[in-house]
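**Student:** Below are the chains, spelled out letter by letter.
There are 2 protein chains.
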Amino acid sequence: MRPRPDVAALVAKARDGDVRSVARLISLVENGDPALPEVAAALAPYAGTALVIGLTGSPGVGKSTTTNEIVRVLRAQGKRVGVLAVDPSSPFSGGAILGDRIRMQDHTTDPGVYIRSMSSRGQLGGLAAATPQAVRVLEGAGCEVILVETVGVGQAEVEIASLADTTLVLLAPGMGDAIQAVKAGVLEVADVFVINKADRPGADATYRDIQGMLGLGERAPGEWRPLVVRATAVKAEGIDDVVAAVGKHQEWLSRTGNLVTSRERRAAVEVEAIALGVLRARIGDLRQGTALGTLAAAVAGGEIDPYAAADELIKGL
Amino acid sequence: MRPRPDVAALVAKARDGDVRSVARLISLVENGDPALPEVAAALAPYAGTALVIGLTGSPGVGKSTTTNEIVRVLRAQGKRVGVLAVDPSSPFSGGAILGDRIRMQDHTTDPGVYIRSMSSRGQLGGLAAATPQAVRVLEGAGCEVILVETVGVGQAEVEIASLADTTLVLLAPGMGDAIQAVKAGVLEVADVFVINKADRPGADATYRDIQGMLGLGERAPGEWRPLVVRATAVKAEGIDDVVAAVGKHQEWLSRTGNLVTSRERRAAVEVEAIALGVLRARIGDLRQGTALGTLAAAVAGGEIDPYAAADELIKGL
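In order, the protein sequence lines correspond to chains S and Y.
One point on numbering: in the numbering used here, the residue at position 306 of the first sequence is 306, and numbering is uninterrupted.
One point on numbering: in the numbering used here, the residue at position 11 of the second sequence is 328, and numbering is uninterrupted.
The set of hints was computed from the structure by calculation and includes no laboratory data.
Because the structure is a prediction, the values reported are computed rather than measured.
Just to be clear, a hint being listed does not mean it is correct.
Simulated restraints, written as ranges between beta carbons of each label pair [unchecked claim]:
1. SER579/Y <-> LEU317/S: 53 to 59 Å
2. PRO518/Y <-> PRO59/S: 40 to 46 Å
3. ALA325/Y <-> PRO59/S: 41 to 47 Å
4. GLY618/Y <-> GLY316/S: 32 to 38 Å
5. TRP224/S <-> GLY377/Y: 31 to 37 Å
6. ALA326/Y <-> LEU317/S: 49 to 55 Å
Over 12 Å on every C-beta distance to chain Y, these chain S residues come out as not near it, computed from the model [said to hold, decoys possible]:
7. ASP18
8. THR49
9. GLY78
10. SER117
11. ALA205
12. GLY215
13. VAL260
14. ARG263
15. GLY277
16. ARG280
17. THR294
18. ALA300
19. TYR307
20. ALA309
21. GLU312
Ideal placement from N, C-alpha and C gives every residue a C-beta, glycine not left out.
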């Protein structure tokens with residue numbers, strides 16, 4: 001058995017900027033450590049102190065490079081920055097193939113930047129549950145801006161991106177990404193679209209596609225209309241515009257009161273996910289862990305229907 | 318208020334092959350009707366009477382055409398066939414864009430084939446919860462083989478595909494699909510790979526890629542090694558081989574006892590999902606529906622941590 005972590009000491013040291021303590025706390029989160037509720041309790045006072053930027057897009061679109069350049073701009077503004085590179089790996093494979101984690105050599109010696117990649121092993125509810133806790137760790141460690149970078153544009157990624165105050169969706173010309181983005185529901189979560197690799201052929205067409213699709217949607221008065229920005233991250237071009245667009249969105253969030261309401265909405269999703277995770281674990285433990293299997297065999301054999309079986313489980317809780 | 322459906326009468330008529338009753342029952346499932354537990358109870362005795370084939374793959378890979386041709390072969394064998402074309406649409410957009418539903422004109426006048434497309438609106442737990450109930454309706458209606466076709470290779474699709482006894486994963490040459498399949502964890506759920514459009518350049522390379530990846534995995538003695546079959550569905554070529562491969566897998570399932578154990582495992586997932594859906598609804602109803610929102614506001618404000626908030630909810634159940 002691993003020794004129980006001294007959570008209070010870890011949080012105190014993380015507050016003082018001790019990188020190893022931050023790393024340890026995020027590991028506790030990532031692994032779904034039994035001390036997690038204690039960690040969350042210790043970090044609660046610092047909730048909401050950082051602005052959280054989500055960054056998502058298909059593989060190859062230039063997420064790591066763009067993140068790297070955004071960090072550079074934020075550092076030049078004197079902000080303390082945290083980066084979470086989230087890897088929604090296969091539930092089966094452990095993510096070895098997706099694991100081409102972020103490498104940001106430019107910032108590794110800068111004490112004002114904390115960079116961490118995360119995967120979903122261990123944690124009940126997966127990354128959707130673990131990511132907000134990791135954000136809290138970085139908030140507790142004094143990060144003023146936290147970038148959450150996720151691979152891909154599937155539903156899990158949309159969930160993770162939606163944990164952010166401002167969500168950037170990266171597209172690149174010629175990848176059919178505009179259409180894919182719509183299919184995956186990314187259009188609805190994006191606050192700012194970044195057409196990366198804007199020096200390539202087709203960038204104008206992608207720009208027009210996105211603007212066209214944004215024009216189609218109905219928008220209530222006062223609702224946010226996503227901004228579309230062109231950048232070439234690999235040449236550090238257009239990144240100031242990206243950061244400015246994020247700033248505009250965050251100004252809008254604060255002015256309209258949407259910052260508070262959307263954070264409350266996200267907290268509701270988070271609390272519900274934790275509660276369901278706990279209930280799921282209790283269901284698994286019923287009758288020394290045999291209840292679900294016995295009922296499932298009866299369902300597969302046609303002796304009982306799955307709703308009646310589910311009722312049995314709930315009665316047992 | 319809609320009148321409460323006469324479930325017993327609907328099930329009796331569906332048993333007699335009345336297509337409208339089958340359609341009505343699937344609509345009840347799809348819409349998460351309050352009568353769902355009653356429908357499930359009436360259908361329980363017919364559970365497990367059909368063989369369920371899952372069919373998944375990226376957009377454009379030829380799923381509808383392949384499904385169409387598989388149905389043709391099964392009909393030639395005299396089997397009654399059900400097809401569920403499942404659309405795991407965006408949680409945001411309602412799936413209008415993904416909704417290029419299956420069209421299978423060849424079979425619409427054949428009373429031995431029932432074809433239905435489904436989306437996830439309404440049902441607690443989404444399609445992962447609704448699909449097994451729809452399968453039970455088709456079993457109840459006397460289908461001997463049920464094809465469940467899903468778009469894409471994301472996690473939701475993997476879940477749906479894994480409801481099947483035998484899962485076919487379709488790939489096409491030159492789409493980078495082999496690598497995508499691995500990333501999405503599809504390699505682990507596929508029982509049979511179909512390299513469709515096998516008359517196109519690159520088909521051999523895709524075939525070798527998949528065979529190579531299958532060779533890399535460790536396999537216990539007696540474990541199933543996925544088959545890889547080439548087909549050109551649009552020319553009706555290779556479909557007999559696909560159906561034969563499915564037959565081999567199903568023979569293996571029966572011989573080894575894996576048919577029973579895997580159906581029990583699936584029933585466990587299903588029962589758990591229903592139970593969690595019910596608990597989720599109860600959480601939402603706590604204190605006239607205000608409990609979660611109030612706790613979430615406290616979490617967002619840093620007054621309480623999310624684990625403590627979740628505990629509060631659970632205590633209230």
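**Student:** May I ask you to check that ALA205/S keeps its beta-carbon over 12 Å from the closest beta-carbon of chain Y?
**Tutor:** holds, 19 Å
**Student:** Check the non-interface label on ARG280/S: least C-beta distance to chain Y beyond 12 Å or not.
**Tutor:** violated, 6 Å
**Student:** Would you say GLY78/S is clear of chain Y, with no C-beta pair closer than or equal to 12 Å?
**Tutor:** holds, 24 Å
**Student:** Against chain Y, does GLY215/S hold up as non-interface, every C-beta pair farther apart than 12 Å?
**Tutor:** The claim stands: GLY215/S keeps its Cβ more than 12 Å from every Cβ of chain Y (closest is about 16 Å).
**Student:** GLU312/S clear of chain Y by more than 12 Å, beta carbon to beta carbon?
**Tutor:** Violated, since 9 Å does not exceed 12 Å.
**Student:** Checking the smallest CB distance to chain Y, is GLY277/S really beyond 12 Å?
**Tutor:** violated, 8 Å
**Student:** When you take the CB atoms of GLY618/Y and GLY316/S, is the distance between them in 32 to 38 Å?
**Tutor:** For GLY316/S against GLY618/Y, whose Cβ atoms are near 36 Å apart, the range 32 to 38 Å holds.
**Student:** The hint says 40 to 46 Å between PRO518/Y and PRO59/S; measuring C-beta to C-beta, is that right?
**Tutor:** violated, 24 Å
**Student:** Can we trust that VAL260/S is non-interface, i.e. its beta-carbon lies farther than 12 Å from all of chain Y?
**Tutor:** violated, 7 Å
**Student:** Please verify that the nearest CB of chain Y lies beyond 12 Å from ASP18/S's CB.
**Tutor:** The claim holds: ASP18/S sits with its nearest Cβ about 21 Å from chain Y, beyond 12 Å.
**Student:** Decide, holds or violated, for the assertion that all CB atoms of chain Y are farther than 12 Å from the CB of TYR307/S.
**Tutor:** Contrary to the label, TYR307/S does not stay out of reach of chain Y, its closest Cβ about 4 Å off (not over 12 Å).
**Student:** Hey, does ALA300/S actually stay past 12 Å from chain Y on C-beta?
**Tutor:** violated, 4 Å
The earlier numbered hints that this structure contradicts are 1, 2, 3, 6, 8, 13, 14, 15, 16, 17, 18, 19, 20 and 21.
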